[in-house]
Structures are given as structure tokens and as C-alpha cells.
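Going down the list, the sequences are from chains A and X.
Counted from 1, the first sequence has number 110 at position 110 by full-length UniProt numbering; the numbering is strictly sequential.
Counted from 1, the second sequence has number 144 at position 144 by full-length UniProt numbering; the numbering is strictly sequential.
Just so you know, the hints here were simulated from the structure itself, not pulled from any lab data.
Treat each hint with caution, since some may be false.
[Said to hold, decoys possible] Below are the DSBU-like pairs computed for lysine-lysine, each with C-alpha atoms no more than 35 Å apart in a straight line:
hint: 1; chain 1: A; residue 1: Lys8; chain 2: A; residue 2: Lys91
hint: 2; chain 1: A; residue 1: Lys116; chain 2: X; residue 2: Lys124
hint: 3; chain 1: X; residue 1: Lys364; chain 2: X; residue 2: Lys33
hint: 4; chain 1: X; residue 1: Lys43; chain 2: A; residue 2: Lys117
hint: 5; chain 1: X; residue 1: Lys176; chain 2: A; residue 2: Lys28
hint: 6; chain 1: X; residue 1: Lys124; chain 2: X; residue 2: Lys357
hint: 7; chain 1: X; residue 1: Lys98; chain 2: X; residue 2: Lys271
hint: 8; chain 1: X; residue 1: Lys176; chain 2: X; residue 2: Lys75
hint: 9; chain 1: X; residue 1: Lys75; chain 2: X; residue 2: Lys62
hint: 10; chain 1: X; residue 1: Lys207; chain 2: X; residue 2: Lys343
hint: 11; chain 1: A; residue 1: Lys66; chain 2: X; residue 2: Lys357
hint: 12; chain 1: A; residue 1: Lys28; chain 2: X; residue 2: Lys347
hint: 13; chain 1: A; residue 1: Lys91; chain 2: X; residue 2: Lys128
hint: 14; chain 1: X; residue 1: Lys343; chain 2: A; residue 2: Lys28
hint: 15; chain 1: X; residue 1: Lys207; chain 2: A; residue 2: Lys116
hint: 16; chain 1: X; residue 1: Lys43; chain 2: A; residue 2: Lys28
hint: 17; chain 1: A; residue 1: Lys28; chain 2: X; residue 2: Lys280
hint: 18; chain 1: X; residue 1: Lys180; chain 2: X; residue 2: Lys75
hint: 19; chain 1: X; residue 1: Lys98; chain 2: A; residue 2: Lys116
hint: 20; chain 1: X; residue 1: Lys62; chain 2: A; residue 2: Lys28
hint: 21; chain 1: X; residue 1: Lys314; chain 2: X; residue 2: Lys173
hint: 22; chain 1: X; residue 1: Lys128; chain 2: X; residue 2: Lys98
hint: 23; chain 1: X; residue 1: Lys98; chain 2: A; residue 2: Lys117
hint: 24; chain 1: X; residue 1: Lys176; chain 2: A; residue 2: Lys66
hint: 25; chain 1: X; residue 1: Lys360; chain 2: A; residue 2: Lys28
hint: 26; chain 1: X; residue 1: Lys233; chain 2: X; residue 2: Lys271
hint: 27; chain 1: A; residue 1: Lys66; chain 2: X; residue 2: Lys314
hint: 28; chain 1: X; residue 1: Lys75; chain 2: A; residue 2: Lys66
hint: 29; chain 1: A; residue 1: Lys8; chain 2: X; residue 2: Lys237
hint: 30; chain 1: X; residue 1: Lys131; chain 2: X; residue 2: Lys176
Computed from a predicted model, the values in this text were never measured in an experiment.
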Amino acid sequence: MQELLSVKYDVESGDFIRGGEASSSIKKLLQQLGIKADIIKRICVACYEAEMNIVIHSYGGYIEAKIFNNKVEIIAKDRGPGIENIDLAMKEGYSTAPEYAREMGFGGGMGLPNMKKSCDEFYIDSKMGEYTEVRMVVYF
Amino acid sequence: MKEIFHSVSLIEERCIGCTKCLMNCPVEAIRIKNGKAVIYNEKCIDCGECIRVCPYGAHVSKGNSLNDTEGYKIKVLIPSVTLYPQFGQEINPEEINKALLSLGFDEVFDITFACDVKAEILKKEITKVEKPAISTLCPSIIRLIEKDFPSLNDHIVKMLTPIEISAALIREKYCKMGYKENEIGIFFLTPCPSWITKIKELKYNEKIGFDGAIAISEVYPKLLKVLNKTSNKTYRKISKTGLLWSFSGGQSQAIGIDNFLAVDGIKNVIKLFNDVEKGKIKDVDYIEAYACTRGCLGGLFLIENPFNAERIAKKIIANGEFSYNVELHDEFQSKFAREDILKVNLKFADDFESAVKMIKNMNKIINMLPGTDCGLCGSPSCRAFAEDVVKGLANLNDCKFIKNGGE
Chain A
1 MQELLSVKYD VESGDFIRGG EASSSIKKLL QQLGIKADII KRICVACYEA EMNIVIHSYG
61 GYIEAKIFNN KVEIIAKDRG PGIENIDLAM KEGYSTAPEY AREMGFGGGM GLPNMKKSCD
121 EFYIDSKMGE YTEVRMVVYF
Chain X
1 MKEIFHSVSL IEERCIGCTK CLMNCPVEAI RIKNGKAVIY NEKCIDCGEC IRVCPYGAHV
61 SKGNSLNDTE GYKIKVLIPS VTLYPQFGQE INPEEINKAL LSLGFDEVFD ITFACDVKAE
121 ILKKEITKVE KPAISTLCPS IIRLIEKDFP SLNDHIVKML TPIEISAALI REKYCKMGYK
181 ENEIGIFFLT PCPSWITKIK ELKYNEKIGF DGAIAISEVY PKLLKVLNKT SNKTYRKISK
241 TGLLWSFSGG QSQAIGIDNF LAVDGIKNVI KLFNDVEKGK IKDVDYIEAY ACTRGCLGGL
301 FLIENPFNAE RIAKKIIANG EFSYNVELHD EFQSKFARED ILKVNLKFAD DFESAVKMIK
361 NMNKIINMLP GTDCGLCGSP SCRAFAEDVV KGLANLNDCK FIKNGGE
């Protein structure tokens, strides 16, 4: 399947003010493409969680949306500490978010499980001390 | 598909083509073409921001006049609850209704009854939709959701507003008394252009069937002449809980929920809806959202400063001795159910491939533009200009600063 279009947005570590802008831009793009509202909503939720994970846990990274004619693929990749135990991180309620982030209502340990729930395919890969990469696919 | 009506329009002779409205429209619905403002109907949500900011009075919204009520056997007026605190001081709402009646109506319907009915139904209805439930009171907000936030549809409470409930009750009552449909004239006394549009839209709705909307500012001078300002402050026939519906936060108070957000001002609403869509707003039961500052009391056709009006409204409410205490019947639920929203599609083209091509092209154009959002091209931002160009609504040469001469 050929990739038709892609957009990429840098996400800065610790920027809670602008964190979420990539998701908003991707939402607008999908609306312009004529994707159905319920599908956009799922992508939007997944994308936002991924974006905030980069803001909270990493040293910075990017969100990329690749459009194919039957699906969208969201890639969220960061430079950062990585995830020690992915299986554990995927458990609902498990969180390594710092105290300040939790006080702001983030880091409830639902991020990764929610992302997985929102999309049709979910892949996660991480190397300690180097990066975490999440790839999510939603079919139109 | 339903036709889109609008009440906000432009008086061309007054427009000098400045960029005030262009830059202030919260939904980028305005362009300047050949030195005059043009409103794109499919984008406009009738919030009236352009009317507020226009220094030349070129943007207007026109409702019905009192003369338009002629020709009906029965003339009923539904005053908005926002009317009552518009007189600089606390006045008995019953006196205000009496004054309205003397302007030539057969009945001035007590909208606070419909508010109490709606509050009772709402208590149940907000639990039936996705959390947070979103209020349907402000028509501009519903339009905004239809257009920019269709995925929030599942959050919208599926009930009519007190204004529509009032009209339905009036029509039912007079039909039962033997009047024919076209003998009954039902008019809403509106605080804002948004409701003028909504009522035009409802004109041919069998159940609700309004016959017009009159701006509060239109009747205000006449009302002042006949109004008794000195009577007793306590009132026993108009519901104090119904009067809560005039300001931002009042609905939630009327339903008796604490876990709510009351957001007012169209730009604040857009920001909040973006957050709801991302799943950022959790554990909230109800959202009251209003296009105007401080809710309906911020309406364009109102006279009193919205903050002072809210103070007065709260005084009036404190002196009230009465609520309707509506008992909920199951029939209400189905009777006052609202139609699903109309989903306006923002897509660039009917087929996916063409849409992709247009977006690619648009992104290329964006990179050529200065990004200063100067507005000289007639579009509100460089991004909007690029969109206009690929849609064939603007010419690339309209940008005075394009890099590389557009190559």
C-alpha cells in the first residue's frame, strides 16, 4: 500500500502549554480528507495520549501521521529514557509519571492502554536510555 | 439536507473593506473580496462577533418588527429570560410581562415554565449521552459542533431548548382550542442573532413552528414607556429556578449538579471543545457552553452590561417565591426530543485522492507564504489563504509577499 501523504510535528519535552497542538493539526487534516467523525475521534484520543507521553516522559520527539488510502498510521517517537518493562507499562493504572505531572491530571497510568484501545493495530518498541517508538494504525 | 440560513449579513455601502471582522471571526468565515467583506455561509455560525467588532455598522442581524405580528388571530410572545434584568435595577418580572402584553399580544408565555420542564428532563437526559454531556441552549454552539466538532455529537443532550419547548406547548394549546395553524403567531423575543437564525430554520417545523423572532433592542424603547418600575419586588407567578437560565452556570444550578463546566465566549468554547475531543476533560458531567461572554446575558441585542445584568438577575432570583416543581412525565421525553445534528462536511473533495492532492498542494503553498497573517490578500491567515487557493476561492497572486514570485 502506497503512502499518499505525511505530516510531521516536533514535540518538545515539558511543554504542557503547546502539547496537544500536533493532535489538533492532525485532526484538521483528517477532517479535510473527509474521514468519518467517529474514526477521527479515535485517532485524536490516541494521538493526544502519545503526544503527552512525549511531553511528560521524554527529552523530546515527534509525531508523524502517514495517510494511506485505507488507513492512517501515527508514529510517535521520542528520545528519552525508554521503557524498562513494556508489559508492565501496558497495564492499566501503572505509571512512572513524575509527581508534578500527576498533580496536573496526567500520568494516571491509562495512557498506553487507552492508546491501544483506540486503534486497530498498536506496536511499541523501546530501547533503554535511547528511545520509545509507538506506531498506531486506524483503518478508515 | 437541511438548508443553512443565516441572520448575520452585510450592508455593502457601509463596508470599507477594513480587516476588523476578517481578523476577529472565530471560525474564519469572512473574506475581503474587492474591498468588501464576504461571509461564507457554510462556515458562519451566527455568533455575531463581526457585528460587535465592525466600526462602521456594516454587519447587521435583522429580526422581525412588531408590525410583523399583524394578521394572526392569536399572537403569543415568548420573552427570553435575559429580558428581566435589562432595566438597570431590580424590577418585578410580572410587571415586565404585563408591559409586553400591552404592546399588542394576546399572551406573553412564561418561559420560566419551559425552563423548569427542561431542567427536570435534563436531569435524566444528561446521563444518557457520553460524558461530559453538552448543553443545546446556544444555537451558535450547536452550529460550531456540526461544523468543526462533529465527533462531539454523542455528547449533545438530545432535548429541545426551553424556547422550542415553549413554542411546542403554545401551538398545542391553541390548536386544541380550535385555532388553525396559520392563525397562531408565535414570536420569540431574542437576545441574539443566533436565535433569529435558529427561528428562521424552525419556521417550517410542524411541532415547533415559530413565526418570527424580534430583537429585545427593537421593543426596548416601547417597553420603557409602559413599564411600571415601582411595584412590589416579590413575585409569585414566575419561576425563580427558570430565571437561572439567563447566565452562564445557571443551567447547572437549575438542574442541581455541581460537577459542571460553564464556558462562555466563543473562543473559550473552541478551546474547551478541542480538549474534550482529545479526551482531556474527564470526570465532568455537564458542559454549558455559550458563544457570548457570561452566557445569554452577553447577547448582542441586550442593553444592560452583562455583568451588571447578572447581578440584577441574581437579585431577582433571590426575591422569587415560586418554582413550578414540574413532575416528569415519560411523554415529555419523546415529545421534546431534538433532531440529530446536521453534520457539515469540511472535506476538500468528494473523492479521497483529490482531497489528498489538494492538501499536498496546500502544504506547498503554505511554505511559500510569509506566515505573517497580514490579511492583505483578503483571507484571515496564510493557512486559510492557501486553503482558499486550492479550493479555487482565491488567486495565488493576491498575496503581495509570496516568496519566489510564486514559482
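Hint by hint, where does the structure go against what was stated? Just the numbers, ascending. Hints 5, 6, 7, 15, 19, 22, 23, 24, 26, 27, 28, 29 and 30 are the ones this structure does not satisfy, whereas the remaining hints hold.
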